Amino acid sequence: MAKYFKIFGFILLALILFLIQFSGINSWSGFWARCDLILFFIIWLFIFRDFKVSILFSFIIGIIMDIFSFYPFGLYTFSFLLTIVLANFFWQNLFTNRSIYSFLVVSLFITIFYNLFSYFLIYLVNKNSLGISWFGGNFWLNLLLEIVWMFFGVIISFYFLNPKKSYLNNLIFEKKHF
Amino acid sequence: MDFLQRRKKYKIFLAVVLLLIFLNIIGFSSFGQKVLGGLVNSISSSLRSSSAKKSDNKATKAQLLDENTTLKSQIESKEAELAKFYSLQEENEKLKQYLNFFESNSYDYVLANVVWQENLLSFSNYNQNLIINKGSDDGIRTGLAVINESGVIVGKIIEVNNKNSKLCLISNNFCKMAVTANNSDHSIGLAEGNLGLSIKLNYVSQSETLNINDMIITSGLEPDIPRGLAVGRINFINQEVNDIWQDVNAEALFDVNNLSIVSVIIPK
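Here the protein sequences line up with chains A and B, keeping their order. Here the first sequence is numbered in the numbering used here, starting from 1 and rising by one per residue. Here the second sequence is numbered in the numbering used here, starting from 1001 and rising by one per residue.
In short, the hints are calculated from the structure, not lab data. Some hints could be false.
Lysine to any residue pairs mimicking SDA-like chemistry, simulated, CA-CA at most 25 Å apart [to be verified]:
| hint | chain 1 | residue 1 | chain 2 | residue 2 |
| --- | --- | --- | --- | --- |
| 1 | B | K1176 | B | A1230 |
| 2 | B | K1200 | A | L82 |
| 3 | B | K1176 | B | E1149 |
| 4 | B | K1008 | A | F59 |
| 5 | B | K1200 | A | N138 |
| 6 | A | K3 | B | L1023 |
| 7 | B | K1061 | A | F59 |
| 8 | B | K1200 | B | N1173 |
| 9 | B | K1176 | B | S1263 |
| 10 | A | K52 | A | F5 |
| 11 | A | K6 | B | G1032 |
| 12 | B | K1011 | A | L82 |
Short derived list, chain B residues pointing at chain A, Cβ under 10 Å [to be verified]:
| hint | residue |
| --- | --- |
| 13 | I1012 |
| 14 | L1019 |
| 15 | I1025 |
| 16 | G1027 |
| 17 | S1045 |
| 18 | S1046 |
| 19 | L1047 |
| 20 | V1115 |
| 21 | E1118 |
| 22 | L1120 |
| 23 | S1122 |
| 24 | G1151 |
| 25 | E1159 |
| 26 | K1163 |
| 27 | V1256 |
Computed from a predicted structure; not experimentally measured. Think of the CB as a built atom: it goes at the ideal place given N, C-alpha and C, for glycine as much as any other residue.
Can you make the complete structure from the sequences, with help from the hints?
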């Protein structure tokens, strides 16, 4: 029963995040508009909670975004899932410690891969590709601003919103499964 | 054991991908929009309008004073224009009576709320496509003109769902519209956005005479867009001797932060 409550809670949370991101943050100006709350929450779940939880949440938020998007159904869900699966693969096989640097590199990978991959898919499937330009200057600048937001979020989370580690554990360098 | 676990993960991933394809085929998104559309659209529109207003309220005192002075001078010029329009209206009424002119209004309007805006990385935030809460169920289709409460062209519908539509702003680079200038030559051209900041008027030959402050209106050459809707006001003209076309720029007559309710013009 608790499992179903958890899923229902995730659906509700995903809807709230979707509304805040698309109707609120997207209409802010400049640097503030580049805060991707949805992607940040997925990264947070992946790093500080669990791979399975982040996959479940990615699936739910992806479905909600796909329902309201103008692109073929499944584009966002697939992008989120593939990003998290790949991030988990690298996390398990390449990273030897769980320091802040690893977290930053993983968040960097997720942000870049998700944005590039979803843009590539939109570019492929969108009939007229309106608004998709890779070399307009804005694209890379906005991606950089988004990465800055993610780094900021991960650093804050690492020190203040980390449910599994205390501040003194920051220098643990052996591989550890959360 | 670890290998088996990994294979299980890949199988689940494959199953999810197949599920997505299946949901796409059966049209799950339109079902989802029916279920969630009303709720999400109503919350989104109020959330967006409040957050857009907040982001717009960051001007300094000096900026506001400056804006106030500009607006005062604009009011004065508008009053002069208005007087001119009154006389023209009077003249028009008389001519209509003489010619027994009857103009049937062959257009419908659909009012819509702006519910959210896209956040594509390739645009600055004041240049993003907007999403409105009316879609194909309300008779909206691609290519229709979208105006604000003053009747000024805001953009054009580029994609349509059952419950929502996407519009590109006229100041967007890829948003193009057939227009004509309000000059003596009635120059015809193609308006397209200029970096999200202004509107560029293309294909106006060197022989045409344009003036600063001339209005740009829709030409009516596009089948679904009526003639005479205000698009912008010319604020820059450059004529190079060796060029075929003039370099003309116009300012957009709307503020994207004030866009909360728009109308879509539908031909009958």
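Tested hints:
About 14 Å separates the Cα atoms of K1176 (chain B) and A1230 (chain B), which keeps this hinted pair within 25 Å; it holds. For the proposed pair K1200 (chain B) and L82 (chain A), the alpha carbon gap of about 41 Å is over 25 Å, so the pair is violated. Proximity of K1176 (chain B) to E1149 (chain B) is assessed by CA-CA distance (about 21 Å); at most 25 Å being required, the pair is judged to hold. Straight-line distance between C-alpha atoms of K1008 (chain B) and F59 (chain A) comes to about 17 Å, which keeps the hinted pair within the 25 Å bound.
With a CA separation close to 19 Å, the supplied pair K1200 (chain B) and N138 (chain A) stays within the 25 Å bound. About 24 Å separates the Cα atoms of K3 (chain A) and L1023 (chain B), which keeps this hinted pair within 25 Å; it holds. Annotation: proposed proximity of K1061 (chain B) to F59 (chain A) is violated, straight-line Cα distance about 47 Å (limit 25 Å). For the given pair, K1200 (chain B) sits about 9 Å from N1173 (chain B) by alpha-carbon distance, which is consistent with the 25 Å threshold.
Between the alpha carbons of K1176 (chain B) and S1263 (chain B) the distance comes to roughly 19 Å, so the proposed pair stays at or under 25 Å and holds. For a cut-off of 25 Å, the pair hint linking K52 (chain A) to F5 (chain A) stands: about 16 Å separates their Cα positions. This hinted pair checks out: K6 (chain A) and G1032 (chain B) have alpha carbons roughly 21 Å apart, not beyond 25 Å. Distance restraint check for K1011 (chain B) and L82 (chain A): the Cα-Cα separation of roughly 13 Å lies within the 25 Å cut-off, and the hinted pair is therefore satisfied.
Among the interface hints, the one on I1012 (chain B) holds; its C-beta lies about 9 Å from the nearest C-beta in chain A, closer than the 10 Å criterion. With its C-beta approaching chain A no nearer than about 9 Å, L1019 (chain B) sits inside the 10 Å limit, and its interface hint holds. Interface restraint check: I1025 (chain B) against chain A, minimum CB-CB distance 9 Å, threshold 10 Å, status holds. The closest approach between the C-beta of G1027 (chain B) and any C-beta of chain A is roughly 8 Å, which is under the 10 Å cut-off, so the hint is satisfied.
With 10 Å as the threshold, the beta carbon of S1045 (chain B) comes within range of chain A, its nearest partner Cβ sitting at about 8 Å, so the hint holds. With a least beta-carbon distance of about 8 Å to chain A, the hint placing S1046 (chain B) at the interface is held under the 10 Å criterion. Annotation: interface hint on L1047 (chain B) holds; nearest CB of chain A at approximately 4 Å, less than 10 Å. A least Cβ separation of about 6 Å between V1115 (chain B) and chain A falls short of the 10 Å threshold, and the interface hint therefore holds.
The criterion of a C-beta within 10 Å of any C-beta in chain A is met by E1118 (chain B), whose closest approach is roughly 7 Å, and the hint holds. Annotation: L1120 (chain B) was flagged as interfacial toward chain A, and the flag holds, the nearest CB pair being 5 Å apart, inside 10 Å. The criterion of a C-beta within 10 Å of any C-beta in chain A is met by S1122 (chain B), whose closest approach is roughly 4 Å, and the hint holds. Against a cut-off of 10 Å between C-beta atoms, the interface hint on G1151 (chain B) is violated, since the closest Cβ of chain A lies about 23 Å away.
At about 4 Å, the closest approach between the beta carbon of E1159 (chain B) and any beta carbon in chain A falls short of 10 Å, and the interface hint on this residue holds. Interface hint at K1163 (chain B): satisfied, since its Cβ lies 9 Å from the closest Cβ of chain A, which is below the 10 Å cut-off. With a cut of 10 Å, the hint placing V1256 (chain B) at the interface with chain A holds, because the nearest CB-to-CB distance is about 9 Å.
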